[in-house]
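**Q** Sequence:
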Amino acid sequence: MNNYCANGSDSDYTKYWIDWFLGTKGNEYFCEVDEEYILDRFNLTGLNTEVQYYSQALDLITDNLDENLDEEMRDIVEKSARHLYGLIHARFIITTHGLTKMLEKFKKCDFGRCPRVLCHNHPLLPVALSDVPYSKSVKLFCCRCEDIYNPKSSRHASIDGAYFGCSFPHMLFQVYPQLVPPKSTDRYVPRIFGFKLHDVAKQHRYQDMIREESHARIMAGIEGLPTTAAQGSSSGQQNHKNRAADGTGVATESGAMADVN
1 MNNYCANGSD SDYTKYWIDW FLGTKGNEYF CEVDEEYILD RFNLTGLNTE
51 VQYYSQALDL ITDNLDENLD EEMRDIVEKS ARHLYGLIHA RFIITTHGLT
101 KMLEKFKKCD FGRCPRVLCH NHPLLPVALS DVPYSKSVKL FCCRCEDIYN
151 PKSSRHASID GAYFGCSFPH MLFQVYPQLV PPKSTDRYVP RIFGFKLHDV
201 AKQHRYQDMI REESHARIMA GIEGLPTTAA QGSSSGQQNH KNRAADGTGV
251 ATESGAMADV N
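The UniProt record's numbering puts the first residue of the sequence shown at 1, with every later residue one more than the last.
Wrong hints could be hidden among the right ones.
Derived lysine to aspartate or glutamate pairs resembling EDC-like cross-links, with alpha carbons at most 20 Å apart [to be verified]:
| hint | residue 1 | residue 2 |
| --- | --- | --- |
| 1 | Lys108 | Glu36 |
| 2 | Lys136 | Asp160 |
| 3 | Lys25 | Asp160 |
| 4 | Lys152 | Asp186 |
| 5 | Lys79 | Glu146 |
| 6 | Lys196 | Asp186 |
| 7 | Lys79 | Asp186 |
| 8 | Lys79 | Asp59 |
| 9 | Lys79 | Asp63 |
| 10 | Lys107 | Asp59 |
| 11 | Lys108 | Glu28 |
| 12 | Lys107 | Asp147 |
| 13 | Lys107 | Glu146 |
| 14 | Lys136 | Asp147 |
| 15 | Lys79 | Asp66 |
| 16 | Lys25 | Asp110 |
| 17 | Lys183 | Glu146 |
| 18 | Lys101 | Asp34 |
| 19 | Lys101 | Glu28 |
| 20 | Lys105 | Glu28 |
| 21 | Lys139 | Glu104 |
| 22 | Lys25 | Glu78 |
| 23 | Lys101 | Glu35 |
| 24 | Lys79 | Glu32 |
| 25 | Lys136 | Glu50 |
| 26 | Lys105 | Asp19 |
| 27 | Lys25 | Asp59 |
| 28 | Lys139 | Glu28 |
| 29 | Lys107 | Glu32 |
| 30 | Lys79 | Asp110 |
| 31 | Lys183 | Asp147 |
| 32 | Lys101 | Glu50 |
| 33 | Lys105 | Asp160 |
| 34 | Lys139 | Asp160 |
| 35 | Lys152 | Glu28 |
DEER-style ranges, computed between Cβ atoms [as the list claims (entries may be wrong)]:
| hint | residue 1 | residue 2 | range |
| --- | --- | --- | --- |
| 36 | Ala220 | Phe173 | 44 to 50 Å |
| 37 | Leu39 | Cys109 | 29 to 35 Å |
| 38 | Asp147 | Ser55 | 40 to 46 Å |
| 39 | Asp70 | His122 | 45 to 51 Å |
| 40 | Lys79 | Cys166 | 20 to 26 Å |
Treat the hints as calculated values from the structure; they're not laboratory data. Cβ coordinates follow ideal geometry from the N, Cα and C atoms, glycine included.
Take the sequences, apply the hints, and build the full model.
**A** If you want it as structure tokens, here you go:
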């Protein structure tokens, strides 16, 4: 639990809480949300229904919280304040000032570099797979290969993706199109003793796969037949064989056996 200063203006308190939050290990992906943005209640519309103890959490962020809370209650409010700040952060980073702050972090590679070798250590950006809180953790987007990756650190991997949103990295490149790199056309080519694998080998592997899948579907269909139907089919075939053996049947032009009257 953080300790707050006993003296100072509300602005000092607000900045101190944000500085403390950003300085906590594992919160390196977050940028500083402007105090003016937080104090404008219009920017927080709807968040009161998404955050437990919303009023107390907002008071904690702005350092207007009643100090008489017991330790257990203060821990609960602290957790809500973190969640509230994350949701505010997701809204702030798609504003003009928010994009500018995240751009600086992008240029400094604060979010890491693409692990794909052929992207040549291109910097990453945080992105969500869902805007719904508590559903998906944050991922990292590479604009060169246009793929996403898990953060290396377990601390970062546990951050809620909703604190960054699905739109942020794409919004950034819409505002700063000059930052969009050429798409990666380099592809790894498998080789054996320096020779590329022949396309016929790929075709054969594909044909083998199709053949195995077809066989599996046929076997699954046979196993799924009703027992009575399977017995009837086998008994009918046996009767045909018996008639052919004792001469009570004759062959038709199609090769099937016909009964003799």
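**Q** If a hint holds in the structure, say so; if it does not, say that too.
**A** Here is how each hint holds up against the structure:
no. : hint                        : verdict
1   : Lys108 / Glu36              : violated (26 Å)
2   : Lys136 / Asp160             : holds (6 Å)
3   : Lys25 / Asp160              : holds (15 Å)
4   : Lys152 / Asp186             : violated (24 Å)
5   : Lys79 / Glu146              : violated (34 Å)
6   : Lys196 / Asp186             : holds (15 Å)
7   : Lys79 / Asp186              : violated (45 Å)
8   : Lys79 / Asp59               : holds (13 Å)
9   : Lys79 / Asp63               : holds (15 Å)
10  : Lys107 / Asp59              : violated (33 Å)
11  : Lys108 / Glu28              : holds (12 Å)
12  : Lys107 / Asp147             : holds (19 Å)
13  : Lys107 / Glu146             : holds (18 Å)
14  : Lys136 / Asp147             : holds (17 Å)
15  : Lys79 / Asp66               : holds (16 Å)
16  : Lys25 / Asp110              : holds (13 Å)
17  : Lys183 / Glu146             : holds (8 Å)
18  : Lys101 / Asp34              : holds (10 Å)
19  : Lys101 / Glu28              : holds (13 Å)
20  : Lys105 / Glu28              : holds (10 Å)
21  : Lys139 / Glu104             : holds (19 Å)
22  : Lys25 / Glu78               : holds (16 Å)
23  : Lys101 / Glu35              : holds (14 Å)
24  : Lys79 / Glu32               : holds (18 Å)
25  : Lys136 / Glu50              : holds (16 Å)
26  : Lys105 / Asp19              : holds (16 Å)
27  : Lys25 / Asp59               : violated (23 Å)
28  : Lys139 / Glu28              : holds (14 Å)
29  : Lys107 / Glu32              : holds (16 Å)
30  : Lys79 / Asp110              : violated (25 Å)
31  : Lys183 / Asp147             : holds (11 Å)
32  : Lys101 / Glu50              : violated (26 Å)
33  : Lys105 / Asp160             : holds (19 Å)
34  : Lys139 / Asp160             : holds (9 Å)
35  : Lys152 / Glu28              : holds (13 Å)
36  : Ala220 / Phe173: 44 to 50 Å : holds (47 Å)
37  : Leu39 / Cys109: 29 to 35 Å  : holds (32 Å)
38  : Asp147 / Ser55: 40 to 46 Å  : holds (41 Å)
39  : Asp70 / His122: 45 to 51 Å  : holds (49 Å)
40  : Lys79 / Cys166: 20 to 26 Å  : holds (24 Å)
Of the hints listed earlier, those the structure fails to meet are numbers 1, 4, 5, 7, 10, 27, 30, 32, in rising order.
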